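> Each chain is listed here by its residues.
There are 2 protein chains.
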Amino acid sequence: MKKIINYPEDFVNESIQGLVISYPDIYKFSSETNKVLMRSKKSSNKVGLVSGGGSGHLPLFTGYIGEGLLDTCAIGNVFASPSVDEISNAIKSANSGKGVLCIYGNYGGDVMNFDMASEMLEMEDLKVESIVVADDVASASYEEKEKRRGVTGMLYVFKITGAMAETGADFNEVKRIALKTNENIRTMGIALTPTILPQAGKPTFEIGDDEMEIGMGIHGEPGIRRGKLKSADEITEELSEKLLGDINLSNGDKVSILINSLGATPHEELFIVANKFNNILNDKGIINSKSYVGRYATSMEMAGMSISILKLDDELEKLLLEDANCPFWY
Amino acid sequence: MKKIINYPEDFVNESIQGLVISYPDIYKFSSETNKVLMRSKKSSNKVGLVSGGGSGHLPLFTGYIGEGLLDTCAIGNVFASPSVDEISNAIKSANSGKGVLCIYGNYGGDVMNFDMASEMLEMEDLKVESIVVADDVASASYEEKEKRRGVTGMLYVFKITGAMAETGADFNEVKRIALKTNENIRTMGIALTPTILPQAGKPTFEIGDDEMEIGMGIHGEPGIRRGKLKSADEITEELSEKLLGDINLSNGDKVSILINSLGATPHEELFIVANKFNNILNDKGIINSKSYVGRYATSMEMAGMSISILKLDDELEKLLLEDANCPFWY
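If you read the protein sequences in the order shown, they are chains A and B. Numbering-wise (the numbering used here), the first sequence opens with residue 1 and increments by one. Numbering-wise (the numbering used here), the second sequence opens with residue 1 and increments by one.
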């Protein structure tokens, strides 16, 4: 296991401590636990936005706290859900009287723990609702799309809902825009190598030296098929076909795209994919009005990448392009 | 070779094409060649800032074009210097009548080609000078520090000189601040795995599964020593000792630090290093006034990281914190 770490059991604590010490103007610990982060300056009079999930995906989830994005985050161990207590603490820390909206990915443990925390807090008369993000087209059919996993498209829900919440909009308006964004995102990716969990010390899955897995999840969940590694253009075509076949887009429609590295895959390769994907959109007359290319949701040092697409209208585009104060949104 | 690419010979062209198509409001090709990038809106009445070097280090060099940073960049093949013609084109594209300052790393091919391009253009009465960055403390002793390699500390020279040039300052003032920044940066890193050159298709060096190389360069140049992989804290202590032993810092002095991944090493590990390094600075009474943690100068998918330190005074700090418009400076 070739990692720059100390004791595996300190991996999460030390990395979060490093995040807070590096950007003290953005993040701070909740007073009650070091597994809950909040903005260094708590905002008032806005709908609170909360996320959370397992560690090992930085900048997701914790990195996206900041003005114009999330208010608080509950942090689990590597690839493990945060506890009900941590989530409950995150929700309370985000509350400034206008209700709290939780936004997280569709994974069993996260859904269960966010649900339990929300139910407990509703009994204390706190308004809490959840948006469960399910954007990975490889993980279930269109007919069962509520069963899909939540992956990098989640970033778009954070960003657009964050911009709306910052205007002081009421709970229903913030929830409306979150649901609308969630309806209009699609993601699909490929994995080339596994990652290694610090405590287990071994790879999350086995894959041949000349193989790729199309549609694999960011924890190594099975994809659609495994095959020989293809060229960047062929991979991009295969992903495009699935993505564009799943969302209604025609000539003249506007989108934003996000090309994400799962960790080890470098910017050079992401841009080769971006080049091809832009050409495909161009050929169909689809207008890409804003690209994001980088490491937004990772699986530590896994090699691989995903393409996310967001269908835009004027409202979504305006909110997407608002400023946000966060070292990981660029 | 597990890379998401097409033909290896198209690697550089396609990745740069993808960069420009993804951020058209920041970058554009020079009209004369697709190996020279410039700002999408050329600035007038400022000292032009040019960099350049081999590909395979994104975001370095090309990514750092943008308002508050560089004006143009000449792009070589992977780990190879740009040609004299490309550099000459980059310098001419950056010229708006107040002279041009070139900032690049201390590598034989780059120095030779920048020198030749500058001499040619001086004969055309264009004012051109160079700042050769040499911040890697592992690559030569303090007594011979002009022989050191230029690595990630270069980013500080881009940023601070960029902010000064944006004020409309004259050539001598811009050169003064570049030299001052260059004097006050130190970098040292470790490598855990090699990278693979797309055209060669094989690793740049061999290293054992339990080994690290302290002080290795970003092209795989030999470091100070090779040994068993140590803990993050031990690695950080060893790097700190070299870095802080090379620059005069005492209780109450201010610095900025940059913890850089060479590619595959994830944010979680960088933050573990950041946590320890901040504690070391704290213990010495050195004030870290601004951290940067991420992938700033890479070697594609190499695993490893470096620590850079910049000793600040009020002038350097003010210029460092000015806004810059670039997707890779955050």
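Just so you know, the hints here were simulated from the structure itself, not pulled from any lab data. These figures come from a predicted structure and were not determined experimentally. Check before you lean on any hint, since a few could be wrong.
Since the list can't tell identical chains apart, any single copy or any two copies may satisfy a pair.
[Unchecked claim] Straight-line alpha carbon distances no greater than 35 Å define the calculated DSBU-like cross-link-like pairs of lysine-lysine that follow: (1) Lys202 with Lys311; (2) Lys311 with Lys42; (3) Lys290 with Lys318; (4) Lys228 with Lys202.
> When the hints from earlier in the document are held up against this structure, which numbers fail?
Number 1 - this is the single hint that the structure violates.
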